[in-house]
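There are 2 protein chains.
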Amino acid sequence: MNDTEDTAPSNELGEIGLVSYADFVSREPFTFENGRIIPEFSLRYETYGHLNEARSNVILINHALTADHHCAGIHSLQDRKPGWWNNMIGPGKPIDTNRFFVVCSNCLGGCQGSTGPTSINPETGKLYQLEFPFVSIRDMVRAQKRLVDHLGVSKLYAVVGGSMGGMQVLQWGIEFPDFVGRLLPMATTSQQGSQAIAFNEVGRQAIMQDPEWLQGNYAEDGGPKVGLAIARMMAHITYLSDKGMDMKFGRRRRNEDINTVFSFDVDFEVESYLRYQGQSFINRFDANTYLYFTRALDYFDLKGQYGSLEKAFEDLKSKVLVVGFTSDWLFPPEGNREIVLAMLRAGKDASYAEIAMDFGHDSFLVESPDLYKLVRAFFSDD
Amino acid sequence: MNDTEDTAPSNELGEIGLVSYADFVSREPFTFENGRIIPEFSLRYETYGHLNEARSNVILINHALTADHHCAGIHSLQDRKPGWWNNMIGPGKPIDTNRFFVVCSNCLGGCQGSTGPTSINPETGKLYQLEFPFVSIRDMVRAQKRLVDHLGVSKLYAVVGGSMGGMQVLQWGIEFPDFVGRLLPMATTSQQGSQAIAFNEVGRQAIMQDPEWLQGNYAEDGGPKVGLAIARMMAHITYLSDKGMDMKFGRRRRNEDINTVFSFDVDFEVESYLRYQGQSFINRFDANTYLYFTRALDYFDLKGQYGSLEKAFEDLKSKVLVVGFTSDWLFPPEGNREIVLAMLRAGKDASYAEIAMDFGHDSFLVESPDLYKLVRAFFSDD
Chain A
1 MNDTEDTAPS NELGEIGLVS YADFVSREPF TFENGRIIPE FSLRYETYGH LNEARSNVIL
61 INHALTADHH CAGIHSLQDR KPGWWNNMIG PGKPIDTNRF FVVCSNCLGG CQGSTGPTSI
121 NPETGKLYQL EFPFVSIRDM VRAQKRLVDH LGVSKLYAVV GGSMGGMQVL QWGIEFPDFV
181 GRLLPMATTS QQGSQAIAFN EVGRQAIMQD PEWLQGNYAE DGGPKVGLAI ARMMAHITYL
241 SDKGMDMKFG RRRRNEDINT VFSFDVDFEV ESYLRYQGQS FINRFDANTY LYFTRALDYF
301 DLKGQYGSLE KAFEDLKSKV LVVGFTSDWL FPPEGNREIV LAMLRAGKDA SYAEIAMDFG
361 HDSFLVESPD LYKLVRAFFS DD
Chain B
1 MNDTEDTAPS NELGEIGLVS YADFVSREPF TFENGRIIPE FSLRYETYGH LNEARSNVIL
61 INHALTADHH CAGIHSLQDR KPGWWNNMIG PGKPIDTNRF FVVCSNCLGG CQGSTGPTSI
121 NPETGKLYQL EFPFVSIRDM VRAQKRLVDH LGVSKLYAVV GGSMGGMQVL QWGIEFPDFV
181 GRLLPMATTS QQGSQAIAFN EVGRQAIMQD PEWLQGNYAE DGGPKVGLAI ARMMAHITYL
241 SDKGMDMKFG RRRRNEDINT VFSFDVDFEV ESYLRYQGQS FINRFDANTY LYFTRALDYF
301 DLKGQYGSLE KAFEDLKSKV LVVGFTSDWL FPPEGNREIV LAMLRAGKDA SYAEIAMDFG
361 HDSFLVESPD LYKLVRAFFS DD
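Taken in order, these protein sequences are the chains called A and B. Just so we're aligned: 347 in the working numbering is position 347 of the first sequence, and the numbers increase by one with no gaps anywhere. Just so we're aligned: 51 in the working numbering is position 51 of the second sequence, and the numbers increase by one with no gaps anywhere.
Mixed in with the good hints, there may be bad ones.
Said to hold, decoys possible - With a straight-line cut-off of 27 Å between C-alpha atoms, the simulated DSS-like cross-links for lysine-lysine are: (1) 303/A - 243/B; (2) 303/A - 248/B; (3) 248/A - 311/B; (4) 311/A - 311/B; (5) 243/A - 311/B.
If you're looking for bench data, these hints aren't it; they were derived computationally from the structure.
With the rest of the complex left out, here is chain A (with noise of 0.2 Å):
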């Protein structure tokens, strides 16, 4: 078959196809980082590939800020667009299902079929709203323990996750370092930032000030949906990089008069794609979880948690590869190279890379062979 390589060198790196999601419900009682605690909770989460005899082979991917449990695949064959990793996750990709195990699930807290400010509180019949206790990245990281438990595993090969998902990778190698082989987050940070807390302030104050927030009592069909929408398209600006905005809308414009259009309508490209990306997202995400999941992000700070980053990682056994993008202004490299050279100070098997990419925080979710590379040569040893 070398012949067809050539021709069809895509063969090679096959789809997941059609995917489905279930529902895990722990029955036990789940406490809180802040001591709140809840009767049960329910994860939603999908599976690819498959559990090998000696259940080594299983591969947790932690979801960034407004992503969810399907990271790959498609739903059904009149999907426009697969999970969002799709690029890296499938047969003979970099996180490959033709080996690996691959679970996901949508956050505790979330809104795409987790327990969260959208569920009904079992104790009162109502919904949670603003009556669900905050979450940590901790509290994510313990309810997804209970899904890894349940699927009968007793060791991860590994956890992935960029953003918010790689705090809760470094979160797994603290919390249960017997259980974790391997760690690889990416694009991340230990602590977050005041920039960042900054961002997060403001969308939230977009929502809560929106006078259909209502306190966070708005009914299921209603919301701050133009509060949520102002929170992601400025949210939105911070994933992309000044040179990568450039390189893909510059000053582009519908309309090149400027004596005729000159207008506070939408005129240049760039506005087009964020009205269209604030709009998409108030029809699939949930205000107050995204009050919730800020609030995560800004609380995360394993230096004033532990006293300092060699104590948070003091106990860690996995093995990590920590990934950092040039564009990223986010979570910069700096950030990302604090954490290994906490963990190389505390004596850990610990590497840092740093790839030259143009597409800023979200440079973690964009194909890249460089990234591609590094990420098999991680998982190339059983």
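Using the hints provided, position chain B relative to the given structure of chain A.
Using the frame of chain A, we list chain B on its own:
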């Protein structure tokens, strides 16, 4: 008096003290870049220092997006803050009012006393609001020219300004090459980039989607205050830098106990700061002017307008110093350097200085001995 210098060095740099504004009314019709005409307009302005007999010592200051004509001194002894560039302008200061006659006007389209959307349209007797013509950077400069002519000045010693003010400085050199001796633009660009347009668009959407905006027809005491505050909070982040914010605010909180606080209320210091910025802004700035001025920025594009930067600058006769700041990510150093490179290619007398400061885009407004030295040296000869 030398022996007192060590104990009271600040005596060397005097304060302007009490100042007051004046209104210049131009009763000639004004044609905007887009062809629209208004029958008259006024500009509110301030002057400091004394016009010399030769009328050769005039420095014109151009303000940025949300500033105004009040750039130095105080209006009353009760004022808590002096004008916005008081550290730069005054007796013995880098822009030395013992030597120079300094003029600064609120831009055409502004809301601090100059004609703009909040002014009465003499043709209808009603507020202009969105009936005001779109204002370009060139319109601002051409209106200023009338003020300077009115003051009896036949040549400006220099034009100085940062950010949107820097754009006006460049436009002054292009529009009136024989009229301007020196150009000193700082923290600016010759062409608004995609990311900056994107941030402006989110700010405009926050304003225009606010139900109180009423298509621009809000009452004088009403208006889209929530949207304007959101726009300001977001924009304010873009005026600072990641590192600067970490130094100034870090992760400092009002209450260090994560378990009891952990809320959507203000908690981090940076949140409190931003909310204050948003609230104080809505008391002093008009939402429609914000729309107009951000659009003036977005449409500023010397390259696009003149075919190339070299062409834009081909008639330039002024001596030029462009100053960029390392931590400015809104109008990064690259865009400042590019201006000088094009001027040098066009055979002009231009130089570039880059100052290492951590205050982001707002660096030009911050006390900086390095910047002061540059300004003094640039203005050292007659």
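Comparing the hints with the structure gives:
no. : hint          : in the structure
1   : 303/A - 243/B : holds, 17 Å
2   : 303/A - 248/B : holds, 18 Å
3   : 248/A - 311/B : holds, 26 Å
4   : 311/A - 311/B : violated, 59 Å
5   : 243/A - 311/B : holds, 24 Å
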